[in-house]
Amino acid sequence: MSDLQWMTAVQAARAIAARKLSPVELMNALLERIGRLDPKLNVFIRLDRDAAIDAARAAEAEIASGHQRGPLHGVPVGIKDIIDVAGLPTTCHSKVLIDNVASADAVCVSRLRGAGAIVLGKLSTHEFAIGGPSFDLPWAPARNPWNTDHHPGGSSSGSGSGLAAGLFPMALGSDTGGSVRNPASACGIVGLKPTYGLVSRRGVFPLSFTLDHVGPMTRTVADSALMLDVIAGHDPLDPGSLAAPGGHYATGLEHGVRGLRIGFIRHFHEEDMPADAEVTAALEHVAGTLHTLGAEIRNIRLPTLGEFAAVNRVILQSEAWAIHCQWLRERPGDYGQLARRRLMAGAFLSAGDYVQAGRRRREMIAAVEGALRDVDILLCASAMDPPSRIDNPEEVERTYPRQARTPFNVTGHPALAMMSGLSSGSLPLSVQFVGRYFAEATLFQAAREWERAAGTDNKHPPVL
Amino acid sequence: MDRAIIELLARRAGLDKALAEFPEDVVAAAEQASGSVAKMKAPTDPRAEPWPPMRVGTRL
Chain A
9 MSDLQWMTAV QAARAIAARK LSPVELMNAL LERIGRLDPK LNVFIRLDRD AAIDAARAAE
69 AEIASGHQRG PLHGVPVGIK DIIDVAGLPT TCHSKVLIDN VASADAVCVS RLRGAGAIVL
129 GKLSTHEFAI GGPSFDLPWA PARNPWNTDH HPGGSSSGSG SGLAAGLFPM ALGSDTGGSV
189 RNPASACGIV GLKPTYGLVS RRGVFPLSFT LDHVGPMTRT VADSALMLDV IAGHDPLDPG
249 SLAAPGGHYA TGLEHGVRGL RIGFIRHFHE EDMPADAEVT AALEHVAGTL HTLGAEIRNI
309 RLPTLGEFAA VNRVILQSEA WAIHCQWLRE RPGDYGQLAR RRLMAGAFLS AGDYVQAGRR
369 RREMIAAVEG ALRDVDILLC ASAMDPPSRI DNPEEVERTY PRQARTPFNV TGHPALAMMS
429 GLSSGSLPLS VQFVGRYFAE ATLFQAAREW ERAAGTDNKH PPVL
Chain B
216 MDRAIIELLA RRAGLDKALA EFPEDVVAAA EQASGSVAKM KAPTDPRAEP WPPMRVGTRL
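From first to last, the protein sequence lines are chains A and B.
In terms of the numbering used here, the first sequence is residues 9 to 472.
In terms of the numbering used here, the second sequence is residues 216 to 275.
These aren't lab readings, by the way, just hints derived from the structure by calculation.
Treat the hints with caution; some may be incorrect.
To be verified - Computed list of lysine-lysine pairs in DSBU-like fashion (alpha-carbon distance at most 35 Å, straight line):
#1 A:Lys-28 with A:Lys-48
#2 B:Lys-232 with B:Lys-254
#3 B:Lys-254 with A:Lys-48
#4 A:Lys-28 with B:Lys-254
What the hints assert, rightly or not - Some chain A residues near chain B, calculated using beta-carbon distances under 7 Å:
#5 Lys-103
#6 Arg-269
#7 Met-352
#8 Ala-353
Just so you know, these numbers come straight off a predicted model, no measurement behind them.
All C-beta atoms, glycine included, are put in the ideal place defined by N, C-alpha and C.
Construct all of the structure, not just a fragment, from the sequences and the given hints.
Written as structure tokens, this is what we have:
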């Protein structure tokens with residue numbers, strides 16, 4: 009088979025199950041590509057080559073003997089390096105945890121393995137999912153395969169970069185202020201932050217307990233739905249986990265958007281943080297296309313992005329300080345500068361600030377819930393700019409907060425970011441869909457219709 | 216925020232080592248925190264409760 013690097017998880021799983029594709033052949037093709045491209049992209053912190061080949065051989069033997077482990081049998085997956093994989097380091101891309109080896113799989117990894125997926129290794133992140141891109145850490149930051157002079161987004165940067173570069177068809181990321189959706193936006197792939205509590209966080213190093221989500225990152229909407237089917241589910245040992253209705257997230261994928269009511273939050277990118285002209289034009293094109301395909305588009309107003317971002321930061325900085333304070337007191341020099349500055353901020357917040365943020369959070373949840381009573385999903389910007397250059401700290405600092413992702417960490421609603429088009433400089437632009445709690449299937453339905461209409465699943469970096 | 220106040224709060228938080236080795240980072244952290252608080256609106260209803268709420272039960 010040719011073009012194995014661009015095979016989706018759904019295609020690979022079907023071909024492997026039908027014995028038209030050997031998982032060993034797929035693994036070897038991807039490992040060859042990783043060997044060739046990763047020195048330019050810095051996607052992997054730890055490639056578990058031998059274990060991956062052994063697992064592919066075992067999968068091949070099991071399938072040959074008629075044993076199908078699950079819907080992802082033989083399909084490779086990359087894991088963000090804040091998520092535990094038994095026997096491998098979980099460094100969080102930091103000197104602080106450079107010798108930390110996980111004793112057990114995180115629940116999300118265990119679920120993927122149970123479905124037959126093969127772990128390729130651990131992927132670059134911003135330090136502790138907050139400090140990056142940084143050049144003062146033990147590992148270099150990941151780069152964007154659309155143009156390696158540019159940032160791939162973060163903090164799940166290796167996940168986004170590796171998917172866009174065709175190094176693996178699936179990856180796990182985490183999202184506290186947009187860290188799945190940012191690299192999805194910058195790299196032109198599909199990133200889902202599920203409803204808070206839908207995917208277990210057990211075995212994932214925390215950044216902020218009440219804002220942290222684990223989510224699937226893929227190149228297609230169908231793969232995102234398949235991955236969510238596997239990793240979603242109640243975990244009684246995760247205090248935030250919920251026993252939710254759902255599953256079968258792919259059932260409505262091809263139902264289209266006829267009759268769907270979509271609330272377009274234009275003020276995010278027109279008033280609150282005026283977006284780059286190409287970003288705005290692409291968002292209008294998405295809305296116009298979905299309208300042509302039968303959706304009803306309405307204008308929706310929510311609290312401003314500035315308010316959402318402030319609440320997100322106060323909660324995140326307070327909770328992250330509680331997690332990191334001992335290390336910051338004893339070994340501040342083991343952090344990179346960006347993480348050190350961002351994580352110490354919580355030392356200067358009061359208990360009252362944290363409680364006020366929680367009280368405002370409740371009002372924001374009510375505002376989004378109110379909007380979603382009148383429409384089925386929301387459509388808005390994800391990033392306000394094309395991905396910035398990675399070697400220009402001022403440009404990174406200017407563009408990084410110009411985004412509309414934090415509102416849905418504050419409220420816990422599911423949100424999916426994907427490509428809306430390409431800029432004149434051939435860099436990905438993005439759109440975000442937001443749904444009701446546990447209504448990920450409706451998000452996938454709308455996202456798939458846009459993907460089908462625009463062909464975003466067939467757009468890959470040209471130089472690779 | 217005044218530098219003396221930043222130093223006082225940093226020492227209270229146990230950040231003496233960071234103050235000695237990375238004083239500019241401590242100041243930057245304090246400025247981030249005050250910037251976030253300044254942009255946050257307080258709830259208008261004094262009875263507004265925070266989210267997530269206290270919930271008793273058997274899930275621990």
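- request: Would you pick out the hints that fail for this structure and give their numbers low to high?
  value: 3, 4, 5, 6
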